[in-house]
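Asker: We have chain V; now place chain Y onto it with these hints.
Below, each chain spelled out in residue letters.
There are 2 protein chains.
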Amino acid sequence: MEIQPVKGTRDFYPEDMAKRNFIADLWKQVSLRNGFAEYDGPIFEYLAMYQLKSGDEIASQLFAFEDRGGRQLAIRPEITPTLARMVNQRINALPRPIKWFSVPRLCRAERPQKGRLREFFQWNIDIIGVDDCLADAEVIFCSVDFLSQAGLTNNDVVVRISSRRLMAALLGYFGIEKEGLEKVYGVLDKKNKVPQEAFGKMLEEVISDSSKRQKVQKLMAVESLSQLEDFAGSDKNANQAIEELKQLFNYLNIMGISEFCKFDIGIVRGLAYYTGIVFEIYDKSEQLRAICGGGRYDNLLADFGGQKISATGMGMGDCVLGIVLEEKGVFKNLSQKNGIEYFVALADESLQNESLKVVTRLRRAGRKADFSYKGGSLGKQLKQASAANAAMCVILGEEFTQKKQLVIKNMDSGQQDIVAVEDFFSRLG
Amino acid sequence: MEIQPVKGTRDFYPEDMAKRNFIADLWKQVSLRNGFAEYDGPIFEYLAMYQLKSGDEIASQLFAFEDRGGRQLAIRPEITPTLARMVNQRINALPRPIKWFSVPRLCRAERPQKGRLREFFQWNIDIIGVDDCLADAEVIFCSVDFLSQAGLTNNDVVVRISSRRLMAALLGYFGIEKEGLEKVYGVLDKKNKVPQEAFGKMLEEVISDSSKRQKVQKLMAVESLSQLEDFAGSDKNANQAIEELKQLFNYLNIMGISEFCKFDIGIVRGLAYYTGIVFEIYDKSEQLRAICGGGRYDNLLADFGGQKISATGMGMGDCVLGIVLEEKGVFKNLSQKNGIEYFVALADESLQNESLKVVTRLRRAGRKADFSYKGGSLGKQLKQASAANAAMCVILGEEFTQKKQLVIKNMDSGQQDIVAVEDFFSRLG
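Protein chains in written order, with the numbering used here: chain V, 777 to 1205; chain Y, 777 to 1205.
Hints in this document: simulated from the structure, not taken from any laboratory.
Given the structure is predicted, the values throughout are model-derived calculations rather than measurements.
Be aware that one or more of the hints could be misleading.
Put simply, identical chains are the same to the list, so a pair is met inside one copy or across any two.
Stated by the list, open to error - Simulated crosslink set (BS3-like; lysine-lysine; CA at most 27 Å straight-line):
{"#": "1", "residue 1": "966", "residue 2": "1150"}
{"#": "2", "residue 1": "804", "residue 2": "1113"}
{"#": "3", "residue 1": "1108", "residue 2": "804"}
{"#": "4", "residue 1": "969", "residue 2": "1133"}
{"#": "5", "residue 1": "977", "residue 2": "1022"}
{"#": "6", "residue 1": "954", "residue 2": "1180"}
{"#": "7", "residue 1": "994", "residue 2": "783"}
{"#": "8", "residue 1": "1133", "residue 2": "1022"}
The following block holds chain V by itself, in its conformation from the complex (with noise of 0.2 Å):
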């Protein structure tokens, strides 16, 4: 019986793990730096918590099944819901501000293409508890800290930034109705993904008032957040949204990232939840979708049946996220990076029982050690310890037999030493 994966999904050989590591390891570690702490959920959970708020993208590529006991489930297509489940379960006991990361795997029934696929992982954190733009700062600089710390430089990648809070006080100030909104934004978000035309049609379609339309079309062509001030005149809550994105810039410079970052109206989000600042990050080839998307959601806590309370978040897929570092050549080296440290090698059979002690004692002091189960000639042992990327060869030979002595060979460089065994050891700490 010949069996296939399904389509979308992936296997990860050990050379593909590595990149996955690389990526995952890196989120961790930036994570922990920047004072998250990880949490994780279930893969899958009841159906009905996804189709509460997650927009209906989301809702329709659901893996939905029943369980044996009739339970209507599904496999998580992100993982915010089970943060916004959790947090409520314990509100009262965590303390303030819940700083929290995941690295969750999730699923959803998309077609697969570029930079998408069925299966994927995401990076998410989460600031809970914070109203100042603070928080969103922190989120951005994360973020950045991540991509720069794996080799990328704002020639590279570009945030992207605006704020849900000034949009809606400005289209209310325009007189758009609160009632049509959501559909607006769905129209707004594609302002740079599709070509100006097509964008013009997609807004008469929620916009019919030809003034209005005018309106926000001038606003959606404005390139700086010094133009916006002629659009707020005098309402207050547009004029407050456009201090909070100062105030946000000015945070960004005072982290030193302001470099990677650009206010751009046309970032709306697509996810219905979010009520601030919102931002995405691309790659400056404009080429691929976003690598990662954020921002503030403030009442999504409330929606879960909890209490009100604010929240600022981002999430990054490994998909795109690992056609760019692939591209800018991130990954060279992984192989040899992660190879074994000591291969130890015989030149004589019947030391097997020795070499074998040696390979157990260099384990159990923390070492990656391995050896040939082929066993041949000690020239054919050394090959096997290149192709395992072998940083050191531990050769037991005929100054062993004799004087307890080991060869060790730099495989990088080719010299040899000879040492006793225990000093080998007593070296290795």
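Answerer: Positioned in the frame of chain V, the structure of chain Y alone reads:
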């Protein structure tokens, strides 16, 4: 709307995640130092793959679903079928032996009970392409290496070892037909798990001939390898299987773990695919299910449409293991170990921007650093630092305003040093 988690799944709050990471990180570390490379597969695969060889118990516990393309899929209940599929796909390109490990998330629709959940994590290690029982010894060594690295000794755990090959040879020698063997294995596997009387009754159901049954019952009372030879008589297969077990114990002795290991005729393993050495590890209190189990499965790759290539491996779940480690106090002080390194506090609110710069520099230098969003008095901030298990506090106050100096407070000893900002950062490296 109030939403619950699904029964049998777990929420990993940061303190639970710290335990899960303690286990998973050590699984990875021990695998790597023993020369295994990490792989992974998708969380769901074709349902048919799990119905093929997983055994009735697992096949009856699948979370199965249909996608919109009408594909019959299931969340993975084990990773061995994926391993077989992946190895078969690239069998001619992969250098042998293949020494791989994985730490998959798995789901089984079981009734949740102590040590058994519907979602869990399982460490898997496998060696493919080695006939010699040295590979079985290495798998056992690796399991024990993890347990002792986690802090357990041979007073806490025991490895019970037997051989399917031996059992097959002896049962054949006793005249039991090959066709009924699978059912007989199922019963023999229960020897250590049910009362003696119940075991006798179960045996009657699968071996009707009383003289054959008596031979089997006598065999199952054997307590040491040396007693086996009387049963084997002149049967070549049985004697070879005994020799192999002796050689295995010889290897385990060379590897220095014989005090953990014990021959136990009652170890048969439930799964259908085992063909040689089999083993299970138990905590010595005998109150729990096996911590881990494994063995040789030489036909599995062929069963999945590949070549016949020998293989041996092991699986260790996190549920029973977690209970044992908790009981032994291994998880103590994890939150201290995971605390942040530097908490940056302000004695003067006007220094907020300067403090943010210090936090950012610490993070950029790879240090786990955080600060207070709430601010307030220095005392309040130091309290928050304690709650975050901070090792050190960095305080910006008068000394900073006047001389660009930081107060560095050791949170453990309470000792305070005053250091110039640039000296502090240059010492960090």
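Asker: Confirm or reject each hint.
Answerer: For each hint, the structure was consulted:
1. 966 / 1150: Neither: 59 Å inside a chain and 37 Å across chains, both beyond 27 Å.
2. 804 / 1113: both (19 Å within a copy, 16 Å between copies)
3. 1108 / 804: Both. Shortest intra-copy (21 Å) and inter-copy (22 Å) distances satisfy the 27 Å Cα cut-off.
4. 969 / 1133: Classified as neither; 62 Å inside a copy, 36 Å across copies.
5. 977 / 1022: The answer is neither: 32 Å in one copy and 80 Å across copies each exceed 27 Å.
6. 954 / 1180: So residue 954 and residue 1180 fail the 27 Å test inside a copy (84 Å) and across (52 Å) alike.
7. 994 / 783: neither (44 Å within a copy, 53 Å between copies)
8. 1133 / 1022: between (65 Å within a copy, 18 Å between copies)
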